[in-house]
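Chemist: Taken in order, these protein sequences are the chains called X and Y.
For the first sequence, the residue numbers in our numbering are -11 to 310.
For the second sequence, the residue numbers in our numbering are 17 to 282.
By construction, these hints were calculated from the structure, which means they are not laboratory data.
Just so we're clear, the structure is a prediction, and the values are computed from it rather than from any experiment.
It is possible that part of the hints are untrue.
Said to hold, decoys possible - FRET-style restraints, in silico, Cβ to Cβ:
1) X:D259 <-> Y:N146: 23 to 31 Å
2) X:F251 <-> Y:L271: 51 to 59 Å
3) Y:D127 <-> X:S206: 43 to 51 Å
4) X:Q281 <-> Y:S153: 25 to 33 Å
5) Y:D183 <-> X:L99: 47 to 55 Å
6) X:A225 <-> Y:A277: 26 to 34 Å
7) Y:L271 <-> X:S206: 57 to 65 Å
8) X:V271 <-> Y:D78: 31 to 39 Å
9) X:T196 <-> Y:R188: 25 to 33 Å
10) X:L240 <-> Y:D232: 53 to 61 Å
11) X:R274 <-> Y:D127: 14 to 22 Å
12) X:R109 <-> Y:D169: 56 to 64 Å
13) X:R108 <-> Y:P184: 27 to 35 Å
14) Y:T72 <-> X:T196: 36 to 44 Å
Said to hold, decoys possible - Computed list of lysine-lysine pairs in DSSO-like fashion (alpha-carbon distance at most 27 Å, straight line):
15) Y:K147 <-> X:K6
16) Y:K212 <-> Y:K185
17) Y:K42 <-> Y:K262
18) Y:K227 <-> Y:K262
19) X:K6 <-> X:K51
20) Y:K224 <-> X:K256
21) Y:K43 <-> X:K256
22) X:K256 <-> Y:K69
23) Y:K224 <-> Y:K62
24) X:K174 <-> Y:K138
25) Y:K147 <-> X:K219
26) Y:K71 <-> Y:K224
27) Y:K262 <-> Y:K43
28) Y:K212 <-> Y:K147
29) X:K219 <-> X:K235
30) X:K256 <-> Y:K42
31) Y:K147 <-> X:K51
32) X:K174 <-> Y:K147
33) Y:K62 <-> X:K256
34) Y:K93 <-> Y:K31
35) Y:K185 <-> Y:K42
36) Y:K185 <-> X:K219
37) X:K174 <-> X:K187
38) Y:K71 <-> Y:K93
39) Y:K224 <-> Y:K212
40) Y:K42 <-> Y:K62
We put the CB at the ideal spot given by N, CA and C, even for glycine.
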Amino acid sequence: MKNIVIGRFIPGSSFLYKMDPRTKIIVLILLMVSAFLVRSLSLIAFGLMLLMVVLIVGRISVKRVLLGLRPLMFLLIFTFSFQIFFNTAGELVFTTTLAYSPGGLGVVVLLWFFWWFTRRRIPFKLLYFLVVLIASGTLLSLFSYGPIFTTSTIEVYSQGLEMALFIMLRLVIIVTLSTILTLTTKPTDLNLGLEAVLKPFKLIRVNTEEMAMIISISLRYIPTLLDEANKIILAQASRGVDFSEGKLKEKLMQIVSLLVPMFIISFKRSDELASAMEARSFVPGRPRTRLHQLTWRPMDTVALCFGLIILSTVIVLRVIGW
Amino acid sequence: MIEIRDLSFEYQTGKPVLHDINLSIKKGEWVTILGHNGSGKSTLSKLIVGLLKPKTGSVVVDGLTLSHDTVHAIRRKVGIVFQNPDNQFVGVTVRDDIAFGLENLQVPREDMIERIERFAQKVGMTEFLNKEPHALSGGQKQRVAIAGILAMDTDVIIFDEATSMLDPKGRRMIVDYMRQLNREGVTILTITHDMKEAVLSDRIVILKEGKILLDDQAELVLNNRDMLEQSNLELLLPLRVRHALKERGLKHPELEALLWASSSNK
Ligand SMILES: Nc1ncnc2c1ncn2[C@@H]1O[C@H](COP(=O)(O)OP(=O)(O)O)[C@@H](O)[C@H]1O
Ligand SMILES: [Mg+2]
């Protein structure tokens, strides 16, 4: 729970920190749209390279960005494997036949026993799992002693491989972009930026100040609620509930045992918070003066142009069929 | 400053919470409301600033009778520091939180910056201005809440069990601010079941099951053992000793004076 990076600001001083939050949000949107419009693997790879340059020049620690990717690891691996194994367009680039024999199966079972007992001690569980998975495939072929029961063939096609890489890179780009925004923008500035960017929606009668207030309070209470969840987990654990283990049904019960108190606490909290806000003369929809003001620098114009150029290039490339 | 007349109130559940409350608080006075959990103390403080609507009776603050039209003017005169430091921290940082009330009052930006500096300094939170709430202790959060209300320049501050979730050090600090503010002329209403806090005030009102049981000078109330026992409140240790001395017929005026002085700590 402690490693959640979303919404966490890490102090720093590079150009990304000095940029106006409005610019950052708009450029983020421009680049995300670009990433979705790109069709070819080489272009998206080029995009990722550009992003790397931004990370290096902006002195953002790659470790932080990777931490931001962690919650998406499962999704990444799932889409990757799905494309690799089930997309059969293009040429065959790799094929292997797995033979199931008593010797091979025996070794594999031993390997999984080993995995089961050591997995707790390995920091990169998912990676460890994948390594063991690949290793068992190899071992099956190596130790084919005794009669072979049956065989199965794994085939990887060029398009599948390409799509797998493409989708993965695109996801990585999008998540990295939003991580950069939240890492380098103070919550206060993020809120002001959002409010400014949302302003056009006033024309269709959306109360943008109230929306900004809601976003701001949500951001403010995310760490508090996470602490709360941690406390409840500890309290339940001290009564014998183990959140890391158990069957699906038990897992569900554990989640309920976490959610119910969380809801009750949150409602009480929001009720008290509303009282405190009203007591301090807050009236929804009434004009307020603002402590923070945003300043637009030449740098912001440059960044905005950069975003626009990228988007228009991508559009042109797409039109001419790249 | 605050005049409460025949005030009664019940929540939607229909269970009466306050009956016929009559209370008058003068300007510059320090009044404590003592009472057990659920006796209606918080409800009373919410009624004073119009967060709840009385069933019968009236609340007058500084000449303004509480109504739909005056509620905002009254909230400019009366600030509340609530019990849970986490549930009243609105801003993303200390600076933003102190600014929150000022933004609502549409204070101009320059004025706002000056006031934030001044009151952050007053509660000793200047070096924390850019900190986020989860980096602060409960006591520090309560000090921020006090600064936020001081910055709004209210005449009355209600402390609704503002120290009950703090450690002894945080508690002492908040109590020191109460004392200092009261000296500067702020009218203070503390709600507590901590006798050590009550002893500092001018007057104590004991609330029991939504009724005022007793309303008198602090010294008299604190020595009224029968009444305190009736409302499940404990006598302060020095006063217990004093009573014990009296019961055994021992007379020692010097010791008695000393005991009283040590308990009131004034
Ligand atoms: N929002 C509410 N809805 C219904 N009943 C409430 C609500 N808040 C408090 N009460 C009830 O009103 C009574 C007085 O509560 P409160 O004023 O919070 O007491 P105190 O602050 O003295 O502990 C209690 O019996 C409580 O259960
Ligand atoms: Mg209360």
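Chemist: With reference to the structure, classify each hint as holding or not holding.
Modeler: Here is how each hint holds up against the structure:
Distance hint for D259 of chain X and N146 of chain Y: a CB-CB separation of about 29 Å, consistent with the stated range 23 to 31 Å. Distance hint check for F251 of chain X and L271 of chain Y: the Cβ-Cβ separation is about 56 Å, which falls inside the suggested range of 51 to 59 Å. For D127 of chain Y and S206 of chain X, the hinted distance range of 43 to 51 Å is not satisfied, since their beta carbons lie about 29 Å from each other. At roughly 31 Å, the beta-carbon separation of Q281 of chain X and S153 of chain Y lies within the given 25 to 33 Å, and the hint holds.
Checked against the given bound of 47 to 55 Å, the beta carbons of D183 of chain Y and L99 of chain X, roughly 54 Å apart, stay inside it. One distance hint, 26 to 34 Å for the beta-carbon pair A225 of chain X and A277 of chain Y, is violated here, with the actual separation near 50 Å. The given range of 57 to 65 Å is respected by L271 of chain Y and S206 of chain X, whose C-beta atoms sit roughly 59 Å from each other. Our hint of 31 to 39 Å for V271 of chain X and D78 of chain Y is violated, since their Cβ atoms are close to 20 Å apart.
For the pair T196 of chain X and R188 of chain Y, the beta carbons lie near 44 Å from each other, so the given range of 25 to 33 Å is not met. Remark: the range hint 53 to 61 Å for L240 of chain X to D232 of chain Y is upheld by a beta-carbon distance near 58 Å. The hinted window of 14 to 22 Å between R274 of chain X and D127 of chain Y holds, with their beta carbons roughly 18 Å apart. Against the hinted window of 56 to 64 Å, the Cβ-Cβ separation of R109 of chain X and D169 of chain Y comes to about 60 Å, which satisfies the hint.
Against the hinted window of 27 to 35 Å, the Cβ-Cβ separation of R108 of chain X and P184 of chain Y comes to about 42 Å, which falls outside the hint. The beta-carbon spacing between T72 of chain Y and T196 of chain X, approximately 41 Å, falls within the hinted interval of 36 to 44 Å. For the hint pairing K147 of chain Y with K6 of chain X, the CA-to-CA distance comes to about 19 Å; that is within 27 Å, so the pair holds. With a C-alpha separation of about 14 Å, the suggested pair K212 of chain Y and K185 of chain Y falls inside the 27 Å cut-off, and the hint holds.
For the given pair, K42 of chain Y sits about 34 Å from K262 of chain Y by alpha-carbon distance, which is inconsistent with the 27 Å threshold. Taking the CA atoms of K227 of chain Y and K262 of chain Y, the gap is about 31 Å. The hint is violated against a cut of 27 Å. For the suggested pair K6 of chain X and K51 of chain X, the alpha carbons sit about 22 Å apart, so the restraint of at most 27 Å is met. A C-alpha spacing of about 24 Å is found between K224 of chain Y and K256 of chain X, which places the hinted pair at or below 27 Å, so the restraint holds.
Between the alpha carbons of K43 of chain Y and K256 of chain X the distance comes to roughly 34 Å, so the proposed pair goes past 27 Å and is violated. Only pairs whose Cα atoms come within 27 Å are accepted, and K256 of chain X paired with K69 of chain Y is accepted, the gap being roughly 20 Å. Restraint check: the Cα-Cα separation between K224 of chain Y and K62 of chain Y comes to about 17 Å, which is no more than 27 Å; the hinted pair holds. A C-alpha spacing of about 26 Å is found between K174 of chain X and K138 of chain Y, which places the hinted pair at or below 27 Å, so the restraint holds.
Of the supplied pair hints, the one linking K147 of chain Y and K219 of chain X holds, its CA atoms being roughly 23 Å apart against a limit of 27 Å. A hinted pair counts as satisfied when its Cα atoms are at most 27 Å apart, and K71 of chain Y with K224 of chain Y qualifies at roughly 19 Å. Using a Cα cut-off of 27 Å, the hinted pair K262 of chain Y and K43 of chain Y is violated, with the two alpha carbons roughly 36 Å apart. For a cut-off of 27 Å, the pair hint linking K212 of chain Y to K147 of chain Y is broken: about 32 Å separates their Cα positions.
For the hint linking K219 of chain X to K235 of chain X, the alpha-carbon distance of about 23 Å falls within 27 Å, and the restraint holds. At most 27 Å may separate the alpha-carbon atoms for a hinted pair to count; K256 of chain X and K42 of chain Y exceed this at roughly 33 Å. With a C-alpha separation of about 24 Å, the suggested pairing of K147 of chain Y with K51 of chain X holds against the 27 Å cut-off. A threshold of 27 Å between alpha carbons decides the hint, and for K174 of chain X with K147 of chain Y the separation of about 11 Å falls inside it, so the pair holds.
This hinted pair checks out: K62 of chain Y and K256 of chain X have alpha carbons roughly 16 Å apart, not beyond 27 Å. Taken as a hint, the K93 of chain Y and K31 of chain Y pair is broken in the structure, with Cα atoms around 30 Å apart against an allowance of 27 Å. Among the hinted pairs, K185 of chain Y with K42 of chain Y is inconsistent with the structure: their alpha-carbon atoms are about 30 Å apart, more than 27 Å. This hinted pair checks out: K185 of chain Y and K219 of chain X have alpha carbons roughly 24 Å apart, not beyond 27 Å.
Among the hinted pairs, K174 of chain X with K187 of chain X is consistent with the structure: their alpha-carbon atoms are about 20 Å apart, no more than 27 Å. Between the alpha carbons of K71 of chain Y and K93 of chain Y the distance comes to roughly 23 Å, so the proposed pair stays at or under 27 Å and holds. Between K224 of chain Y and K212 of chain Y, the direct Cα distance comes to roughly 19 Å. Compliance with the 27 Å bound is thereby established for this hinted pair. Distance hint between K42 of chain Y and K62 of chain Y is fulfilled; the C-alpha atoms sit about 19 Å from each other, no more than 27 Å.
Of the hints listed earlier, those the structure fails to meet are numbers 3, 6, 8, 9, 13, 17, 18, 21, 27, 28, 30, 34, 35, in rising order.
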